[in-house]
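Produce the entire structure from the sequences given, and follow the hints as far as they go.
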Amino acid sequence: MKKKLLSVILACTMAVSLAACGSSAATGTDAGSADAGAAEAADAGNADAGAASGAAGSVRLLNGKPEIDAQLQELAKKYNAETGNSVTIETIGGDTNASDELKKMYQTDNMPDIFVIEANQAATWDGMLADLTGEAWTNDTDYELVDSKMGTIGFPYTVEATALAYNADILDKAGVDPASLTSPDAWKKAVETIDSKKADLGITAVFGWCAEPANLGWSSGTHVFAQYLDAGLKQDDTTYIDLLNDGGQIDEKRMHDFAEFVGMMNQYSDPDLLVDGTYDNQVAGFAAGKYAFVTQGNWINGTVTSSADYSGFDMGFAPYAFEDGIDTIIAGPPSYWTVYSDGNVDGAKTFLQWVSDDSAQDILVNQAGLISPFNDCKFDAADPFYASIKGYMDAGKTSGWHTMLKKDGLQNETCQVFADYAQGKFDADSFTSTMAQVIKSYYAN
Amino acid sequence: MDGFSSQRKLISFVCLIGGAILAIAGLGMAIGKTGNPLRGAAIILGVVAFFVGLYLFPTLKHHRSIVNIIFLFPLLFAFAVTVIIPLVLGIGYSFTNWDGIRVRGFVGLDNYIRMFKQPSFLWSILITFLFVVFNIIFVNLIAFLLALLCTSRIKGLGFFRASYFLPNLIGGIVLGYIWQFIFSSVVTKFTTALFDSRYSMLSETKTAFVAIVIVYIWQYAGYIMLIYITGLNTIPGDVLEASAIDGADAMQTLFSIKIPMIAPTITICTFLTLTSAFKQFDVNLALTNGTGSVASFFGNYLTNGTEMLALNIYSTAVINNEYAFGEAKAVLFFIILAIVSIVQVRISNKKEVEL
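Chains as they are written, first to last, in the numbering used here: chain A, 37 to 481; chain B, 1286 to 1640.
Hints are computed from structural coordinates only; laboratory data are not their basis.
Treat the hints with care, as some may be off.
Said to hold, decoys possible - Below, simulated SDA-like cross-link-like pairs (lysine to any residue); rule was C-alpha separation at most 25 angstroms, straight line:
hint	chain 1	residue 1	chain 2	residue 2
1	B	1318	A	416
2	B	1402	A	480
3	A	476	B	1536
4	A	476	B	1440
5	B	1440	B	1536
6	A	101	A	416
7	B	1402	A	426
8	A	426	A	339
See below:
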């Protein structure tokens, strides 16, 4: 009997210790460093220490941009030092998609207070996002995410721009003024001029445009396609995205003009890059001065300026002027920070207000290299594209990122049409009709 | 009448009832999201107490089966949590419009009807079957030839065996990216020179499909080869010797002795290649990500020329954000695989009887 009692006691001890391990691990997760390979354990500890002293309590933020993780950790420290409130940064990145991770967090009841979403994901979270209408920062920016039903739900933390990035040195030598590129005819003339001087300029091709679908489908299917949706439109003009989301319709004429323009890009692109290229080759080629234009956005700046072949040339953006008078580039926040309505909403609001002010913007702009979406930000971004983007922003010539509102996964369909067009299987007419059919059937299914 | 002390009876009943209450209370706290830190301990202690009570239960007749249950419980529990419950939940989700976050409504058989109206999904089924057929034939053929080579008397046998098997040790994703580089940067050099076609095999649906088959054979043939080698080595030496004395040449030995003797191995290998080719995902994802155009399939231009079933399910759920629809496709996939497995078991059993 004694032996049995002993074994029962032992079993109980084991169970309790197991349970203790389990619950302490759970507390650890609550406090911060959620799975997902976030690299912030040390900072989370520091942040927690200060939690008690601040009025707004501690806040968890799920960041989707791994490249600015270190700077956000800095931000968290500074926030704690200045206000006594704490914020824990968790970073999801690489190939892990933040929206997938969020779904797991939601299912395990482990939601962060602030998390990153793309505009078209707002609908899946309806009823769970806090309305930020009336916050002071909303007066200082034009880029917050506003939903007709949910109110102001998204905090813009950066502005990214995409259009045809150009190498100013090459255009200069070829005698092409990027400001004049606002019509298809001007483009055609400029491209022919540059193409005829290829040998003198030392370039491989006029365009570094890559329509490879397997790895760069996001580029053609989302960003280049975005130009059809938004080029030339005002920031809040949703004409073509509304048409698209209404059962997958397209404007045939606009698509045809766009197709002609893409056809020109196909014709004057580096054939080695066009069909089988990679993002690395594309950006490296631009950095090495092999292409006058490249179809990416300002996120390539770090890769370009850190390249060994980079000669220090100036860069800027030229519009995809596939119709006369198109003179805008797409610029705005590609994703937003939203506040979880069941979380620490007040703490999150306090933090977001602080982020929109100078001491936080100092870190985001000067250290993380982001472009501030706030009008009252007094720092100039270090981004080599900044001067050009700022020019468009000041002139009000930016179009929205409405491409983020298209149906999830559409880019994987359309990118194949771009790829076939690049291979020469289509002309502008059949590109337009195929695009129409592909989009229509994707929305129908 | 019974030989149990009243003390033992008391302990048993107290443990049983107390454990059950504790465990249910703990579960209640967890489901009710009370955040009570003792909930985990309550569940575990409750379950342990319940089993102690069960063990001490005053019965001689059923004591043995109670012990069996106690010992089987951890395994059954793990199996239920990792296989049975997800399966049931998954089938359940396939009748809803779950988006990965919330279930917004019950849609009945809509997802199932919808998937058969989706030309891209039908195409995925078609090419998956094609892929399976190609793979069964080529993987087995090549693996068998390699096995013959690796059981003959050539020098450096160990080296050859190891190097044919090596690709199998590399993960499919890594392998996919390596071969992607080979196809788009190395093979193009030859095709440009020989056929004047500048674009890689991966940019055209038909050739991309061939490319996936090649990579898959490269990855899998070494593994199947090992099984064939084992089979060939089990052929009794006296049979081979007798045939040699009777004057059988190499071909006769192969077709009349070796192949019949390893018939069970061939069955196993066929089913191994069949099921693994059906479930092909990683090489498909890394090599082409399902891209490739089909000019006309039921009158539709398709953009998922090389997307096989598993990848189609993944992208439906995760990329297109239609989790319930992906679940429905996954249920169909499960049914197909279950049929294949049942047929496999049936045939293997028959073979065993014949032997």
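Comparing the hints with the structure gives:
no., hint, result
1, 1318(B) / 416(A), "47 angstroms, violated"
2, 1402(B) / 480(A), "10 angstroms, holds"
3, 476(A) / 1536(B), "59 angstroms, violated"
4, 476(A) / 1440(B), "62 angstroms, violated"
5, 1440(B) / 1536(B), "22 angstroms, holds"
6, 101(A) / 416(A), "21 angstroms, holds"
7, 1402(B) / 426(A), "49 angstroms, violated"
8, 426(A) / 339(A), "21 angstroms, holds"
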